[in-house]
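Start from chain A and add chain B according to the hints.
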Amino acid sequence: MEQSDHIIAVTTIPTALVPALSAILLGVFLVLGTGFAHSDTIHNAAHDSRHSFAFPCH
Amino acid sequence: MFKRIFVTALLAGFLGGLGISVVQQFTTAPIILHAEKFESKGAPDGHKHSNLDKAASPHLLLAQAKETPPTEHKNWAPANGLERTLYSTLANILTGTGFALILVACIALSGRHVDGRIGVLWGIAGFTIINLSPALGLPPEAPGAMAAELGPRQGWWMFCVVATAAGLWALIFRHGAFWVVAGIVAMALPHLIGSPQPVRIGGPVPPELAGHFVAASLVTAAIFWSALGWLSGNIWSRLGAK
Numbered sequence: 317m318e319q320s321d322h323i324i325a326v327t328t329i330p331t332a333l334v335p336a337l338s339a340i341l342l343g344v345f346l347v348l349g350t351g352f353a354h355s356d357t358i359h360n361a362a363h364d365s366r367h368s369f370a371f372p373c374h
Numbered sequence: 047m048f049k050r051i052f053v054t055a056l057l058a059g060f061l062g063g064l065g066i067s068v069v070q071q072f073t074t075a076p077i078i079l080h081a082e083k084f085e086s087k088g089a090p091d092g093h094k095h096s097n098l099d100k101a102a103s104p105h106l107l108l109a110q111a112k113e114t115p116p117t118e119h120k121n122w123a124p125a126n127g128l129e130r131t132l133y134s135t136l137a138n139i140l141t142g143t144g145f146a147l148i149l150v151a152c153i154a155l156s157g158r159h160v161d162g163r164i165g166v167l168w169g170i171a172g173f174t175i176i177n178l179s180p181a182l183g184l185p186p187e188a189p190g191a192m193a194a195e196l197g198p199r200q201g202w203w204m205f206c207v208v209a210t211a212a213g214l215w216a217l218i219f220r221h222g223a224f225w226v227v228a229g230i231v232a233m234a235l236p237h238l239i240g241s242p243q244p245v246r247i248g249g250p251v252p253p254e255l256a257g258h259f260v261a262a263s264l265v266t267a268a269i270f271w272s273a274l275g276w277l278s279g280n281i282w283s284r285l286g287a288k
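In order, the protein sequences belong to chains A and B. If you want our numbering, it's the position in the first sequence, counting the first as 1, plus 316. If you want our numbering, it's the position in the second sequence, counting the first as 1, plus 46.
In isolation and in its complexed conformation, chain A is listed as follows (with noise of 0.2 angstroms):
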């Protein structure tokens, strides 16, 4: 059992490593955007959002 998960691991993390860091960098891009970015028009739109989520604002 432990040997198969070993396997399993071993032939999928190469076909996953590119989509899945793409998708990490879109992720982070979109929570950083909503949640972090200093503008003023995205922090009063996204407001009650960071608020809920616990971002530091203000």
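Since the hints were made in silico from the structure, they are not lab data. All the given hints hold, so there is nothing to weed out.
Derived, one-sided and incomplete: chain B residues facing chain A with beta-carbon distance under 8 angstroms:
id, residue
1, N138
2, G144
3, I148
4, A181
5, W203
6, A267
Simulated coverage check for chain B against chain A, where a stretch passes if three residues somewhere in it have a Cβ under 8 angstroms from a Cβ of chain A:
id, region
7, 71-82
8, 127-136
9, 187-195
No residue lacks a Cβ here, since even glycine has one placed at the ideal position from N, Cα and C.
Okay, now just chain B, sitting in the frame of chain A:
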């Protein structure tokens, strides 16, 4: 793999963001509106609160005295009511999709079997990393709360998130005493260093309201992450079965 990751994340993020917007209307949103009454006393048009925030918040008053000329122009903000709710929903969907992309990418990288039930565990890990651990140093703030400068708080938050994620990874996916110790140290490090704290405390928002907001924010985040993990795991396993 591209399609499986992105379809899972976009669907789960959209549904999770939309769902949590409804939950927020009953949990955090009423407290935010209530807190703003204290934050901007005597100002009935609460939708311009972000400008009023700056006038009402003592720590920013100090900063403004140094940096901002008295002719402060008013920036756009959504009007209270439907418009504000719609913008909050849009922000929640974008944030939810962002978190879903990261969560599903981590599931894909792990190479493990993940379905709806196991997805909930992944979601709880996300909650621990993004909300629970940072809340110890920077408790969720109701509008008007006293706080340190924004930049250092955002920096500490990101440091805490990365350190907690690394610590959880070491504890869950590595084996042996070394990784257990390394994981615990990584998760404790941001808190041992300490988060940026305000020079003074005692803002205009009553402590009962501020305390209630902390609970409401954490409960809402726990619901969001559990749902996001469940949705992601279910869609992920269904797309993999084809």
